[in-house]
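**Q** If you read the protein sequences in the order shown, they are chains G and W.
If you number the first sequence the way our numbering does, the last residue is 969 and the count never jumps.
If you number the second sequence the way our numbering does, the last residue is 469 and the count never jumps.
Treat the hints with care, as some may be off.
As a list, the in silico EDC-like pairs of lysine to aspartate or glutamate whose alpha-carbon atoms are at most 20 Å apart [claimed, not checked]:
no., chain 1, residue 1, chain 2, residue 2
1, G, Lys805, G, Glu836
2, G, Lys851, W, Asp379
3, G, Lys770, G, Glu853
4, G, Lys895, W, Glu397
5, G, Lys919, G, Glu949
6, G, Lys745, W, Asp403
With beta-carbon atoms standing in for the labels, derived distance ranges [claimed, not checked]:
no., chain 1, residue 1, chain 2, residue 2, range
7, W, Tyr393, G, Arg716, 24 to 34 Å
8, W, Leu402, G, Asn958, 25 to 35 Å
9, W, Met394, G, Arg716, 49 to 59 Å
10, G, Thr712, W, Tyr393, 52 to 62 Å
11, W, Pro420, G, Gly866, 34 to 44 Å
12, W, Met394, G, Lys794, 44 to 54 Å
13, G, Glu753, W, Pro361, 32 to 42 Å
14, W, Ile347, G, Ile865, 54 to 64 Å
15, G, Gly928, W, Tyr393, 29 to 39 Å
16, G, Ile865, W, Asn449, 41 to 51 Å
17, W, Lys376, G, Lys902, 47 to 57 Å
18, G, Leu723, W, Ala384, 51 to 61 Å
19, W, Lys421, G, Arg716, 56 to 66 Å
20, W, Leu402, G, Glu753, 53 to 63 Å
Since the hints were made in silico from the structure, they are not lab data.
C-beta atoms are modelled at their ideal positions from N, C-alpha and C, and glycine is treated no differently.
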Amino acid sequence: MDTSRRRVLQLLGLSAAALSTPPVFNALAAEAPAAKPKIGPGKEARTAQQWAMVIDTRKFKSEADVRPLVDACHSIHNVPHWDEKRWEIKWLWSTKYENAFAGTASARFGPEDLETRPFLVLCNQCENPPCVRACPTKATWKREDGIVMMDFHRCIGCRFCMAACPFGARSFNYRDPRPGITQTNKLFPTRMKGVVEKCSFCAERLAEGKLPACVEAAGGKLAFGDLFDPASDVRKLIRENYTIRRKINLGTEPAVYYIV
Amino acid sequence: MKDKNLIVTGLVIFLVIVLFPFWYNRGKAVPPPEVKLTDKAKAAKECVLSLDYMRAEHMQVLDLWRETVVREGNRIYTNPKGKEFVMSLSNTCLDCHSNKADFCDKCHNYASVRPYCWDCHIENPKETK
Chain G
710 MDTSRRRVLQ
720 LLGLSAAALS
730 TPPVFNALAA
740 EAPAAKPKIG
750 PGKEARTAQQ
760 WAMVIDTRKF
770 KSEADVRPLV
780 DACHSIHNVP
790 HWDEKRWEIK
800 WLWSTKYENA
810 FAGTASARFG
820 PEDLETRPFL
830 VLCNQCENPP
840 CVRACPTKAT
850 WKREDGIVMM
860 DFHRCIGCRF
870 CMAACPFGAR
880 SFNYRDPRPG
890 ITQTNKLFPT
900 RMKGVVEKCS
910 FCAERLAEGK
920 LPACVEAAGG
930 KLAFGDLFDP
940 ASDVRKLIRE
950 NYTIRRKINL
960 GTEPAVYYIV
Chain W
341 MKDKNLIVTG
351 LVIFLVIVLF
361 PFWYNRGKAV
371 PPPEVKLTDK
381 AKAAKECVLS
391 LDYMRAEHMQ
401 VLDLWRETVV
411 REGNRIYTNP
421 KGKEFVMSLS
431 NTCLDCHSNK
441 ADFCDKCHNY
451 ASVRPYCWDC
461 HIENPKETK
């Protein structure tokens, strides 16, 4: 077979031309690009670098001061109530001083009511959350605004996070929570059996520009704001009052501050 | 070929058994379900995206919504026509389609699909118990 140099060059040129047609063709044939749906936060959404809470424990004298806050939280979030202690689900609850600050602070010779006053406890939304590192499925993670969030869809119920949390802030649904919910809030989902849950600093309310339910129900006894904004309410309170946090020796950097 | 009759008989029996479900169920095919629209859904005319797309791909839309709301914290969806929606199954989808039994379940049952959305998400936000 005798192929001339001329023929080879012709074929090469033709091939190059053929290869360059699809882009040209596509560009000519393309329709006007269809408008794409847009996704974004709501206009009123609140943002922060690290959400934090300051609890003025001096203003909580008895269980009656605490109850409305807990009820507000638990009713909004469809938290079931079980009489059986081992099934208990808690987002926000109260405990004694000696339990809340075990090993960190002492009530010895302190004000007398320190031992009787209720201390509100909840997920501390740690700056360095150990639960996030323990979760094998990334069902819990730290959001950019500092909230330690739960994705209930992704939770496999292994409870590593519960073992990792030094504050006992997480609860496990040992049974279907629905029968334990007396009044269902139709705007918020429930959970299912086999899922861990906890306080989320009301991320769903912050997205609508509202404050967390407990802060709203507290009428000034709780403050909420950005920890890294020097002008925020929480920073003002922390600056002007002596505050303590739970188990700081563990280095999780809780974002819930207590004025004692 | 002295077994010819035996083989043919065997083949006929085999074919009858294999084809039995086809002729037994002939003409009895369950008609595809017809979903009922609520008045609100009818009035809105179009869903979040076009009807055909929603019919075939609503699960992709829901998956995208779940991902962006839960993991990214973005809750507002603006469709190509510029209409805004709060991305929520219970509060947006079921606000229009408040007849879950006649809308969601009908097709899901027909197609033998069992989505576990309702283990947690509440079926009808507008209905007060």
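**Q** Each hint needs a verdict: does it hold in this structure or not?
**A** Hints versus structure:
no., hint, result
1, G/Lys805 to G/Glu836, "violated, 24 Å"
2, G/Lys851 to W/Asp379, "violated, 42 Å"
3, G/Lys770 to G/Glu853, "violated, 35 Å"
4, G/Lys895 to W/Glu397, "violated, 26 Å"
5, G/Lys919 to G/Glu949, "violated, 26 Å"
6, G/Lys745 to W/Asp403, "holds, 17 Å"
7, W/Tyr393 to G/Arg716: 24 to 34 Å, "violated, 52 Å"
8, W/Leu402 to G/Asn958: 25 to 35 Å, "violated, 45 Å"
9, W/Met394 to G/Arg716: 49 to 59 Å, "holds, 57 Å"
10, G/Thr712 to W/Tyr393: 52 to 62 Å, "holds, 54 Å"
11, W/Pro420 to G/Gly866: 34 to 44 Å, "holds, 39 Å"
12, W/Met394 to G/Lys794: 44 to 54 Å, "holds, 47 Å"
13, G/Glu753 to W/Pro361: 32 to 42 Å, "violated, 59 Å"
14, W/Ile347 to G/Ile865: 54 to 64 Å, "holds, 56 Å"
15, G/Gly928 to W/Tyr393: 29 to 39 Å, "violated, 48 Å"
16, G/Ile865 to W/Asn449: 41 to 51 Å, "violated, 28 Å"
17, W/Lys376 to G/Lys902: 47 to 57 Å, "violated, 32 Å"
18, G/Leu723 to W/Ala384: 51 to 61 Å, "holds, 56 Å"
19, W/Lys421 to G/Arg716: 56 to 66 Å, "holds, 57 Å"
20, W/Leu402 to G/Glu753: 53 to 63 Å, "violated, 24 Å"
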